[in-house]
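Protein chains: 2
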Amino acid sequence: MIAPLKIAVAGLGTVGGGLLKLLAANAEPIAARCGRPIVVTAVSARDRRKDRGLPLEGVDWYDAADTMAAHADCDVVVELIGGSQGIARRVVDAALARGKHVVTANKALLAHAGTELAQAAEARDVVLAYEAAVAGGIPIIKTLREGLAGNRAQRVYGILNGTCNYILTNMRRTGRPFSEVLAEAQKLGYAETDPSFDIDGIDAAHKLAILAAVAFGTEVNFAGVHVEGIRAVGALDIQFAGELGYRIKLLGLARMTEHGLEQRVHPCMVPLETPIAHVEDVFNAVVVEGDFVGRVVSEGRGAGEGPTASAVVADLMDIARGRRAQTFAVPAARLQRAAAAPMDRHRGAYYIRLMVRDRPGVIADVTAALRDEQVSLESMLQRGRRPDEMVPVVLTSHDAEEAAMRRALARIEALDTVLEPPRLIRIESL
Amino acid sequence: MIAPLKIAVAGLGTVGGGLLKLLAANAEPIAARCGRPIVVTAVSARDRRKDRGLPLEGVDWYDAADTMAAHADCDVVVELIGGSQGIARRVVDAALARGKHVVTANKALLAHAGTELAQAAEARDVVLAYEAAVAGGIPIIKTLREGLAGNRAQRVYGILNGTCNYILTNMRRTGRPFSEVLAEAQKLGYAETDPSFDIDGIDAAHKLAILAAVAFGTEVNFAGVHVEGIRAVGALDIQFAGELGYRIKLLGLARMTEHGLEQRVHPCMVPLETPIAHVEDVFNAVVVEGDFVGRVVSEGRGAGEGPTASAVVADLMDIARGRRAQTFAVPAARLQRAAAAPMDRHRGAYYIRLMVRDRPGVIADVTAALRDEQVSLESMLQRGRRPDEMVPVVLTSHDAEEAAMRRALARIEALDTVLEPPRLIRIESL
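Taken in order, these protein sequences are the chains called A and B. Per our numbering, numbering through the first sequence is continuous, rising by one, with the last residue being 435. Per our numbering, numbering through the second sequence is continuous, rising by one, with the last residue being 435.
Since the hints were derived computationally from the structure, they do not count as laboratory data. Careful: at least some of the hints might be erroneous.
If chains are identical, the list can't say which one is meant, so a pair holds when it fits in one copy or spans any two.
Calculated cross-link-like contacts (lysine to any residue; reagent style SDA-like; alpha-carbon spacing at most 20 Å) [to be verified]:
#: 1; residue 1: Lys26; residue 2: Asp296
#: 2; residue 1: Lys11; residue 2: Arg364
#: 3; residue 1: Lys26; residue 2: Gly299
#: 4; residue 1: Lys11; residue 2: Pro347
#: 5; residue 1: Lys55; residue 2: Thr198
#: 6; residue 1: Lys55; residue 2: Glu310
#: 7; residue 1: Lys26; residue 2: Gln159
#: 8; residue 1: Lys11; residue 2: Gly104
#: 9; residue 1: Lys192; residue 2: Val232
#: 10; residue 1: Lys192; residue 2: Arg431
#: 11; residue 1: Lys26; residue 2: Ala36
Remember, predicted model here, so these are calculated numbers, not experimental data.
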């Protein structure tokens, strides 16, 4: 048996704690599979006195993570602090500068600086691994980069944020509005006190930007992601989705189009007969469509102590075993700088919900606006009659261009009889 | 760029043809990802004159695959002939004896001789890779062996045979009996002329034996798999399954129990709310339950030219890139020889369908037999009345021991009023 792989762990929060527990609990099978043990030689966290119930005997303690990264006796620095800048960035920079491998769960950092960090790692001939940054316990980076590596990816998409999926699932099950279900999720610890990072789609967009780089061999381009969150999804929309044969999911989708790399995160109407429609609660799922393999779906827990630790350990075992892949599948210097496909040029089907005054002629005005923009209707639904009161009207369109749909909606919103801003949810062909 | 990886391909059927097409179509991204091209230097197939529409210029042709394996200029021999013995075995033996890496899609060979072949490969320090042997395009071997390698597997199960899943899906959709749907599947090419390998569960059992070895670090033990196929699943059972909130799927399941390694392949009642219940048609899916990651589900096409070629190429790219894992996750010499858990000791819930003469006292006799064997009923269902005629009665039990259930069924079958052998389908908690 060769020498142990020595790791220094920056951050002993949920993920760092889970990592130490996993390495202790499964030390024996891990060593058998790697041909060598993985040992923690150093850790860094804020409060040295806090009892974390972790096996820290004989481990060097550092108060400052960047000092640890620069000096600890280790082969790998594991960055589990988070954040796109500040201390997390300094830890990774210090480790790479010393020629140490880096394993991180930090999606924000990779979304903002992935290309640059990959170049730095490759220049030093060390690994920058980040399985835990995308979809938690699902080994989707390995799947894309190795398991399906013979394919040209045609599309990659998924449910990338467990908080949003939990909220949407429970809005559907209970019929309650977004704000109530969010408050409950916060109480249960499924949503943060400031939930905006999750529910506004930023977290999913970070992950999508990373996935797209691996899938399409492009530079990580978080700024090129079109992002909408789930705040505007109403209980009514969830109900109509069911009637129309859909579930509403916050998806991140990426594909290469004639206009460039399309990356978008927004609520979607997903047909009930697709696997992803049945991914519920806090579960995540990623779908890869490859030119030879067809559709491959991977589903699992996207967050939490155990799943995230599982992903970090997989990266460590690859390093321990000497298994190497290029950071984003191809050499960082060869990543393409693809134009971001403008959302205006997106084509797809749309669900539109209007709140209108129930009187003759409303539908005629609405459909005229759509017709003038060449948007072709697939269905129209008005439940019940309440003369002169506010009623919902739901329209679904055939494939149309986003810009045309936006122009039509602006005209519709300006109608006297339309009482609230129209709600738009894209219908995806999956 | 370093030297190309040279491969010799034994067998130019569906999979071999797909492999050559994929390597030609995606040569450029494959080389970029591996840092070197993969080139076919030799092929072997029965009829040299047949026009396969494949790029075979400059490739050495061998009429005999074993001669090719023994002599071709190559780094890797790819065995795509199939069969647990005969020529496929000779090809693999010859390649390993020469110290060549082997990539194969041959589940039968690995199920029967996996441990021995892994030992031979490891003795020569070469790779024996078989991603394509299990679940086609789904990279489940890599997922288990690397992506989830930090976990102790608690259970692994899945839909491992596309033909059976196609038949069961279409029996449900059309309400038609097994024999009709099988005939249709044969016409469409989804089932072989002699379908027994698929529909009797043998193919799924081969795959399960391989999965279990990787998941539990045990010797491959195909003989230890309890196997039942889908011939006895009736249209009535499919209908009752729906009423009870289940789908019927042919599953392969493996887990370590106090009685040894439990490996079983048989039709199962799967709760509708589980992801695997929604895996339909020819799709396969594999679920891994790990102690830290929880449940991870992977779904995709389990057979066919493109998906199988995708899996073979993933193995080749690992070899080209120098990525190595141990054949069955741990060194072959350390694989445990686990006892096979006897099916009699299995505990679970059961669905029982009886065809009985509709007269007073029948249910009392049936339930007395179950009670005497300590089998506790969960539900009983008799639809409609047809005095003195044959009617179906469906019972579901709470968890019971298989041996006790078998004894009760033997008594029930012997009743005058029970007109057909009882049908038993196990209800799985997933």
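Hint check:
| no. | hint | in the structure |
| --- | --- | --- |
| 1 | Lys26 / Asp296 | between (40 Å within a copy, 12 Å between copies) |
| 2 | Lys11 / Arg364 | neither (73 Å within a copy, 74 Å between copies) |
| 3 | Lys26 / Gly299 | between (38 Å within a copy, 15 Å between copies) |
| 4 | Lys11 / Pro347 | neither (46 Å within a copy, 43 Å between copies) |
| 5 | Lys55 / Thr198 | neither (23 Å within a copy, 68 Å between copies) |
| 6 | Lys55 / Glu310 | within (18 Å within a copy, 57 Å between copies) |
| 7 | Lys26 / Gln159 | between (39 Å within a copy, 18 Å between copies) |
| 8 | Lys11 / Gly104 | within (14 Å within a copy, 33 Å between copies) |
| 9 | Lys192 / Val232 | neither (26 Å within a copy, 47 Å between copies) |
| 10 | Lys192 / Arg431 | neither (30 Å within a copy, 39 Å between copies) |
| 11 | Lys26 / Ala36 | within (15 Å within a copy, 39 Å between copies) |
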